[in-house]
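So in our numbering the end of the sequence shown lands on 201, straight run, no missing numbers.
Certain hints may be false.
Okay, derived cross-link-like pairs now, BS3-like style, lysine-lysine, Cα gap no bigger than 25 angstroms in a straight line [as the list claims (entries may be wrong)]:
id: 1; residue 1: Lys141; residue 2: Lys152
id: 2; residue 1: Lys101; residue 2: Lys77
id: 3; residue 1: Lys152; residue 2: Lys163
Just so you know, these hints were derived from the structure itself, not from any lab.
All values reported here derive from a predicted model rather than from experimental measurement.
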Amino acid sequence: MFRMWLAPVMIAFSFQAFGLQDTPDMEPSSSHYVKDELYIFMHSGAGRNYRILGSVEAGTPVTILENDRDAEFMKIKEHTENRTGWVESRFISNEMSRAEKLPIISQRLADSQASLQGLQSENGRLKQQLSSARNELNALKSETETQAREIKQLTATLDNQEKDEMVKWFTRGGMVAGAGVLLGVILTFLPKKRGRKNEWL
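Kindly produce the complete structure, drawing on both the sequences and the hints.
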């Protein structure tokens, strides 16, 4: 039995010899986690000389029951197996462990990917609408150009008709004037009738 616990105790002592960092001030709460090491030992009292109750794996959420800022140990409640005991304070952190963060990050990643797919789908729909609008605009431009050409042709036809009408009126006026002149000339050369006085003489 002693040999079975000897190796874990030696590992725990090696962690203490190197020392990781100073323990921040932590108030009793349930938002604390075992740091991302392999595991730590839970003792029955506030010291390494107390009986080892078992080990607590990295990333396990715990509740701090007692915490002396100057002490190396704090009393915690481990929720996975519902155990209470003392662990080294330097192995407890108020930051969420990687094991706890992973599902949250994975969910956020899945949500981001779903949002990205939704945005890509919306982008495709907007591109299709833009393409349809461009096609419609091109059709309207073509129709406008056709109508402009028709208006130009109608305007030219109307101008030609007005010119033809003016030519006709000038021609008719000239003909009337010429006929009047010709009639005057003819009347000039016609013999005049003698008066009655001349007949009696």
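Distance restraint between Lys152 and Lys163, which requires alpha-carbon spacing of 25 angstroms or less | The hint holds at about 16 angstroms.
Could you grab the alpha-carbon distance between Lys101 and Lys77 and see if it respects the 25 angstroms cut-off?
-> holds, 21 angstroms
Holds or violated: Lys141 to Lys152, with C-alpha atoms at most 25 angstroms apart = holds, 16 angstroms
Violation of the numbered hints given earlier is absent; every hint is satisfied by the structure.
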